[in-house]
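Those protein sequences? They're chains A and B, same order as listed. Heads up, the first sequence is in the working numbering, so the first residue is 1 and it goes up one at a time. Heads up, the second sequence is in the working numbering, so the first residue is 1 and it goes up one at a time.
Any given hint might turn out to be false.
Stated by the list, open to error - Keeping only pairs whose Cα atoms sit at most 35 Å apart, straight-line, the calculated DSBU-like set for lysine-lysine is:
| hint | chain 1 | residue 1 | chain 2 | residue 2 |
| --- | --- | --- | --- | --- |
| 1 | B | K238 | A | K10 |
| 2 | B | K242 | A | K42 |
| 3 | A | K163 | B | K73 |
| 4 | A | K9 | B | K35 |
| 5 | B | K180 | A | K285 |
| 6 | A | K282 | B | K242 |
| 7 | A | K3 | B | K35 |
| 8 | A | K282 | B | K140 |
| 9 | A | K160 | B | K73 |
| 10 | A | K282 | A | K83 |
| 11 | A | K114 | A | K245 |
| 12 | A | K282 | A | K3 |
| 13 | A | K157 | A | K245 |
| 14 | A | K117 | A | K169 |
| 15 | A | K169 | B | K153 |
| 16 | B | K242 | A | K9 |
| 17 | A | K154 | B | K73 |
| 18 | B | K73 | A | K123 |
| 19 | A | K10 | B | K175 |
| 20 | A | K252 | B | K175 |
Hint data in this document are derived by calculation from the structure and do not stem from the laboratory.
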Amino acid sequence: MEKLVDILKKLDRRWIFLLIFLSCIIPFWFPTLFKQEFSTSKETQRVYDIIESLNEGDAVFIDWAFNPTLQAELLPMTEQTIKQCFDNKLRVFIYYPDLTAISLGENLVANIIKEEKYSKMEKGVDYIHLGYLPISIDMMIFSMYSDFKSTFGKEGKIFKGIKTFNDIKYMISFAGSAHPEYYLLLQRRFGFRMGAGVTAVTGPDFIPYLQTGQLDGLLFGLKGAAEYENLRLKNLNVSGDQFKKEKKLNQKANAGMASLTLSHLIMFVFIGIGNLIYFYEKKYKKSN
Amino acid sequence: MELINTLIDSTILNHTFQIWMSVLFTLMMLSFLFKDNPLYKLGENTFLGISLGYGWVRSWEIVVVPFLIRPLKDAYLDFQPYDITLILWLIMGSTMFFRFSRTKAWVANYYFAFVFAYVAGYEIPVQVQNLFVQGSNMMKPLFEQPSFFEISKWFVIIFGTFSGLMYFFFSKPHKGLLGKTARVGILILMINFGASFGATVMGRIALFIGRAQVIADNYTASIVLAIIISIFLFIYFKYLQKEPKLDDEQMH
Numbered sequence: 001m002e003k004l005v006d007i008l009k010k011l012d013r014r015w016i017f018l019l020i021f022l023s024c025i026i027p028f029w030f031p032t033l034f035k036q037e038f039s040t041s042k043e044t045q046r047v048y049d050i051i052e053s054l055n056e057g058d059a060v061f062i063d064w065a066f067n068p069t070l071q072a073e074l075l076p077m078t079e080q081t082i083k084q085c086f087d088n089k090l091r092v093f094i095y096y097p098d099l100t101a102i103s104l105g106e107n108l109v110a111n112i113i114k115e116e117k118y119s120k121m122e123k124g125v126d127y128i129h130l131g132y133l134p135i136s137i138d139m140m141i142f143s144m145y146s147d148f149k150s151t152f153g154k155e156g157k158i159f160k161g162i163k164t165f166n167d168i169k170y171m172i173s174f175a176g177s178a179h180p181e182y183y184l185l186l187q188r189r190f191g192f193r194m195g196a197g198v199t200a201v202t203g204p205d206f207i208p209y210l211q212t213g214q215l216d217g218l219l220f221g222l223k224g225a226a227e228y229e230n231l232r233l234k235n236l237n238v239s240g241d242q243f244k245k246e247k248k249l250n251q252k253a254n255a256g257m258a259s260l261t262l263s264h265l266i267m268f269v270f271i272g273i274g275n276l277i278y279f280y281e282k283k284y285k286k287s288n
Numbered sequence: 001m002e003l004i005n006t007l008i009d010s011t012i013l014n015h016t017f018q019i020w021m022s023v024l025f026t027l028m029m030l031s032f033l034f035k036d037n038p039l040y041k042l043g044e045n046t047f048l049g050i051s052l053g054y055g056w057v058r059s060w061e062i063v064v065v066p067f068l069i070r071p072l073k074d075a076y077l078d079f080q081p082y083d084i085t086l087i088l089w090l091i092m093g094s095t096m097f098f099r100f101s102r103t104k105a106w107v108a109n110y111y112f113a114f115v116f117a118y119v120a121g122y123e124i125p126v127q128v129q130n131l132f133v134q135g136s137n138m139m140k141p142l143f144e145q146p147s148f149f150e151i152s153k154w155f156v157i158i159f160g161t162f163s164g165l166m167y168f169f170f171s172k173p174h175k176g177l178l179g180k181t182a183r184v185g186i187l188i189l190m191i192n193f194g195a196s197f198g199a200t201v202m203g204r205i206a207l208f209i210g211r212a213q214v215i216a217d218n219y220t221a222s223i224v225l226a227i228i229i230s231i232f233l234f235i236y237f238k239y240l241q242k243e244p245k246l247d248d249e250q251m252h
């Protein structure tokens, strides 16, 4: 036993890195081996339901406050939100408080529009990339009831009846930082309903806002994105080949869920081993 | 010019080239997990250089030109009284450069003072409002909550906060009731840290999964480049790596 404990204690951490690496990569090669089903959380359901409840032509403001380093978690949920808005014929305003986010956003929307279903979506009519404003300065400008059109220097039919946050029906902020909190401060002034899509790291910070009702819904990390994808697929009312086609296009977060589970299992095992060694040594030292 | 465009189209903008570069840089960065090496350093510095260059060009295009240069040009052609504000902001912003001088650095303080005052003036009232919203939510009639779970949340928040604060109360020795409360407090704090740690691990793994997907989807590139990188690392650590000098050891 002591020999085994000694080997485990001296185990090179690079073996653990390798195991985590393999646990992340293998499910992508053998997806059928790692099929899993999970329930939808209340917070994700609320984001979905609110967007579904909006009327045709209502304005949705998307705050794209993440850069490519966070795209693994936040891009799939942003994609699903934009697609759901397009499905419901809502007007989508995308705003970027991060310089490196702009090309990411433009590429994503361009890819969505390549899909046959959304090919008729027009820039300046159904959606618009508002552009960039320096972070924190943006909140001051928005809070002064500045007109979107003149602030960002954009034109289009989409602005008909939409001037400030007063005219926004739903606002959703995607961020890996505390950026959605700034909108909660704006919310007091304009009264819009608000949801957020955040990374798993920052997620717990937003729970108090859900309890007070300041946030209507929350998409939490990769799991939130996967739940949202499943929810959209389930409610698409398509079957057969069409369903398979949709599933292929809308499973980016789900593809990573098996890797997430397997890597967590490996971590649990090593945490368990570490604890066992700790308690074993404690007992052994005491008895000697 | 045409030659340069063709060259850019067939290299940087070429899809296959982009995929191979993406895999190459991912593997270069991951090679750090084995040991610090020149490939990792190259990847790190390339990333920093590209980020800074990209950020600087985009800032110029998206912020400086539309918000300053273009309006200044317009003001030069057709001056209006409100254009004075533009010149004022230009001067205010330019004072930041005084930071480079040791003796004249104080000039930039006026700009900082203005910005801090403005931000404080904006933030304080709205933050206080936010605190009131959070506080008032805790003051709702307890037994009108829809479920037992909602009621229990109230107890956890109130007693958890109180006992957590008691842990940091050092004016009295942690004995008797105070000691027990502090013990509950540290347990609550540990549960909180555990939950945050769990969420952080999940987030970090999710970020890695993004890169793992790139490697898994492009396995030809991944296998070829992994072999090349492994050979390089073997040669480097076996034959090329110099013994660290005393200065290097001290630096690390």
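Okay, the hints, checked on the actual structure:
The hinted pair formed by B:K238 and A:K10 meets the criterion: a straight-line CA distance of about 24 Å does not exceed 35 Å. Proposed proximity of B:K242 and A:K42 is contradicted: the alpha carbons are some 58 Å apart, above 35 Å. A C-alpha spacing of about 27 Å is found between A:K163 and B:K73, which places the hinted pair at or below 35 Å, so the restraint holds. For a cut-off of 35 Å, the pair hint linking A:K9 to B:K35 stands: about 20 Å separates their Cα positions.
With a C-alpha separation of about 29 Å, the suggested pairing of B:K180 with A:K285 holds against the 35 Å cut-off. At most 35 Å may separate the alpha-carbon atoms for a hinted pair to count; A:K282 and B:K242 exceed this at roughly 42 Å. Note on A:K3 and B:K35: the hinted pairing holds, with a Cα-Cα distance of about 27 Å set against a maximum of 35 Å. As the CA atoms of A:K282 and B:K140 are separated by approximately 49 Å, the hinted pair breaks the 35 Å bound.
Pair hint A:K160 plus B:K73 holds up; C-alpha atoms about 30 Å apart against a cutoff of 35 Å. Taking the CA atoms of A:K282 and A:K83, the gap is about 56 Å. The hint is violated against a cut of 35 Å. Among the hinted pairs, A:K114 with A:K245 is consistent with the structure: their alpha-carbon atoms are about 14 Å apart, no more than 35 Å. Note on A:K282 and A:K3: the hinted pairing holds, with a Cα-Cα distance of about 16 Å set against a maximum of 35 Å.
Between A:K157 and A:K245 the alpha-carbon distance is near 32 Å, which keeps this suggested pair within the 35 Å criterion. For the given pair, A:K117 sits about 24 Å from A:K169 by alpha-carbon distance, which is consistent with the 35 Å threshold. For the proposed pair A:K169 and B:K153, the alpha carbon gap of about 31 Å is at most 35 Å, so the pair holds. For the hint linking B:K242 to A:K9, the alpha-carbon distance of about 30 Å falls within 35 Å, and the restraint holds.
A C-alpha spacing of about 20 Å is found between A:K154 and B:K73, which places the hinted pair at or below 35 Å, so the restraint holds. A threshold of 35 Å between alpha carbons decides the hint, and for B:K73 with A:K123 the separation of about 29 Å falls inside it, so the pair holds. As the CA atoms of A:K10 and B:K175 are separated by approximately 41 Å, the hinted pair breaks the 35 Å bound. With a C-alpha separation of about 54 Å, the suggested pairing of A:K252 with B:K175 is violated against the 35 Å cut-off.
When the structure is compared with the earlier hints, violations turn up for hints 2, 6, 8, 10, 19, 20 and for no others.
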